[in-house]
Amino acid sequence: MSENVAIIGVGHSKFGTRKDVNIPELCWESMKPAFETANLEPKDIDFFVVGTAGMWSSEQAVPALIAEYADLAPKGSMRVEAACATGNAAIRVGYTAIKSGLADIVLVLGVEKMQESPNPTIIEMIGRFGSYFWEFENFGLTFPGYYALHGTAYMLRYGATEEDFARVAVKNHYYGAKNPYAQFQKEIDVETVLKSPYVAWPFKLFDCSPITDGSACVILASEEKVKEMGIEEKVWILAQGVGTGTANLSRREDFTSLASARFAAEQAYKIAKIEEPAKEIDGANVHDCFTAPEIIAYEDLRFCKRGEGVELIRNEQTYIGGKIPVNVDGGLKAKGHPIGATGVSQAVEAYKQLLRKADPGRQADVRNGRWLTHNVGGTGHYTYVTIYGLEKR
Amino acid sequence: MEKEAIEKFGLPIVQDEKSGALQWVDLRELKIRYTISVENTKNFFEALKEGKLLATKCKCGRLFFPPQKDCPSCMKSEMDWIELKREGELETLTVIFVRPPSFSSYDPYTVAIAKLDDGVRILSWLKGDPKKVVPRQRVRVEVSQRKEGYLMFELVPI
Ligand SMILES: [Zn+2]
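Going down the list, the protein sequences come from chains A and B. Position in the first sequence (first residue = 1) + 6 = this note's numbering. Position in the second sequence (first residue = 1) + 14 = this note's numbering.
What the hints contain is simulated information worked out from the structure, not anything from laboratory work. Just so you know, not all the hints are guaranteed correct.
To be verified - Straight-line distance between alpha carbons at most 30 Å, and here's what the computed DSS-like set of lysine-lysine pairs gives:
#1 LYS201(A) with LYS146(B)
#2 LYS311(A) with LYS129(B)
#3 LYS45(B) with LYS25(A)
#4 LYS25(A) with LYS22(B)
#5 LYS32(B) with LYS20(A)
#6 LYS201(A) with LYS45(B)
With the rest of the complex left out, here is chain B (with noise of 0.2 Å):
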């Protein structure tokens, strides 16, 4: 659009289709990535590999997920990663039609919340139809294969 613009008149000018009013396109695009440190939640990944779900418990009994580092309960880091039974009860969802470019190679998807029995709560994707699910569904957390070849955790029903 631009590049016509620049041939034809010599400037990135062009009209906008539907007031008219002129507008000057950007040439200076901007692609973000960010990388984000892992390293002291690093078990937490690991144990994706073995389809576990690990959680932060504090030595003063505070229970952390997503799991952290440090604990503002008795202000301690000394954390002991324990798996949790990955079992629980959905509570709400919404099915995501109008998606981000970043996930437009996804067809609809479900994110669901789900209050597992240890106590703590959850948000993944949430497999199947979500029309079958009923109120207070019962479901499990797996570990699955994204399209992108990484794993992640997703909520199925049981």
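Chain A on its own, in the form it takes in the complex (with noise of 0.2 Å):
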């Protein structure tokens, strides 16, 4: 048993189109960093998890092929999958494998090569992250439609408008232009989002996330090993809550908001022992695959109370200097959405955050120690909400 877990390594590939590598090579490209900032080697590994969602890409056997590729072989490895929270599904079975006491070292990656199919491909197997029977096979409901159902419960409900949900998209981007392993490099204004074509009404082109290759790999150690290594630089796993939701959205109550996240976002403040978010967190990485939900993702961690989540937008309080710092990385929106790869990526982000490494211009004040994570696969289908801090509990 260790009470406590900590990331001691980091790594993260360059997020976009990435045709110059093969699956193993992406892998190795974040593989290898996080292998040196924990000082270790691959032989030093208990046991490695690999998220990733698959289907799109050729090789499905992805932890024999990093087994291979890495010299990992013959430890135990798990292969998880949990829609679009993959990552941080990756990271639970790292974080309780560490926590039971079955393993001291865990290695987690979260990898996903979606390029390796045409977009019509992706559109057609990503819109069966619902149900399958009641919501695709008849109705041909697509992943951003999801979405869209909750954007404009949201405009229904509280006014806000095409235009506010731009705004998420024109902060995403501006920190996306500071970041080297984003896939969007560029800042955009409200009227690009406004100009560009519709995907899923009220969503355009640009209120989406990329389909992204990228990879993201971070190493977990227990409370002991820290010591015994003595390592400075880590951040503890705070706590970890976990949610799902029903497959269909009509036996949902309510659109303007996830379930799954609250839930998982009360189970994490208990265990951390936080009671007003917004004040006691130095930062977050919510999961902004379109705009409207990192809007709805404010109010479901309770940054501002519900219905408030656009002013929060609107008046620029999610900037680094305001009321939280939210997605200064990119966001799914501008660095990229390799389904696997992002809940690793927003932890390798709390991580970078936490011990001022974030690139300049992009670095959020730490003054509490303490950043989260809230990573959604399907449309509140599987919430993860982590806490990371510089202090264990």
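Got two chains here, separate frames each, mind docking them using the hints?
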């Protein structure tokens, strides 16, 4: 048993269109810096977890593939999938393996090479992350469509506009431009978003996160190992909450919030003893696969009251210097969203922010020494809320 | 594309248009089509032929739509098939402009969620111009024939 678990090494590949590498090469791009920052070698790993949704890419046995490529064989491994929350589901497995005492050092890798398939094939596959029969087979609901149903409900209830949603994209591109690993490193304005073609009304192309290739890696260690190895640079996993939603959206009560996210958040806050999140956390990475869900996340995470999320973005309160900085690495929107890598990438960002290693212009003020990540699979089908800290609990 | 490459170079390798990086073009194409059991929900599909919308109701009182065979509240599987009133209120909608290839024969379509007066919610296509609906628009569920020739329910503004 290890009461506390720390991230002791991190790595991040360049996100984007990665026609220059194959899957194991893309994995190694984030694994190598993770080994280096942890000052470890492949032989030191007790167990490893790979988060990848797969389907659109050729190789499905990714744990075995990297066991071969990176000398991890014959150590134990597991592949996990939780739609767009796959990366944090992988962290969950590594975290619980160490907490339970079954492992001391676990490597967690998130990877996706979506662009091995053409875009139409990906649109076809990703629309199937909800209820296949009742939503996709008969009504052709696409992934942007799932969240657009929430965006519309939010607009109807709280008077938010398409322009408000656009402000989220503007913020995330602003920070993406400062992140060398981001897919889009270019600032945009509200006009750019509003002029882009509709994908699923009210969402336009620039309301949507892109189709991305990328990998991210963290190495987790038990408290004992951290002491034994005398590791200075680390962040602790203070708490993790996990929630699940219904497959069919029609089985839910409300479309202005994600019940699984509220559940996961409250679970995590209780464990970390956080009462007023916006005051006790230095910043957050939330799951902005589209613009509106970032605003909904502010509310589900209690950064503000219900219906006031739109005010936070209007008043630029989620920029650095505001009430609580959100997605200052560009978020899924500008950094890119390689499904399985996204949750792990958020953890890498938490590590960088808390240890003040973020790139110039996107380092948040670290006062409380706590960072939050919110990773959603499907449309609230799965939510992982993880709180990282400089000091252990 | 790959055939041309094989003829020219003897291998299915082509250059990526943007980056110039070399790509092996997979020759093994996969077509996926599932067969899904409706044995225990066949009453629902039978009723569509009569223009009716059915849900399952457990002896304990719990109503299920989409219909399901088993009740996790009382752990029994003794369902009655009941007809829904087919009227309700629109809660949200989206218009799907970028369609999956398997829906490419359709024009952009509106997907909506309504809460029926019976208390259950339903997700389906909404007929007509989405710009003409108002918040909390009253809607009726109707059964109509799809382009593919099969019957499916849709929401129609009243
Ligand atoms: Zn029952």
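Checked hints:
no. : hint                     : verdict
1   : LYS201(A) with LYS146(B) : 23 Å, holds
2   : LYS311(A) with LYS129(B) : 26 Å, holds
3   : LYS45(B) with LYS25(A)   : 24 Å, holds
4   : LYS25(A) with LYS22(B)   : 22 Å, holds
5   : LYS32(B) with LYS20(A)   : 17 Å, holds
6   : LYS201(A) with LYS45(B)  : 36 Å, violated
Going down the numbered hints, you'll see the structure goes against just number 6.
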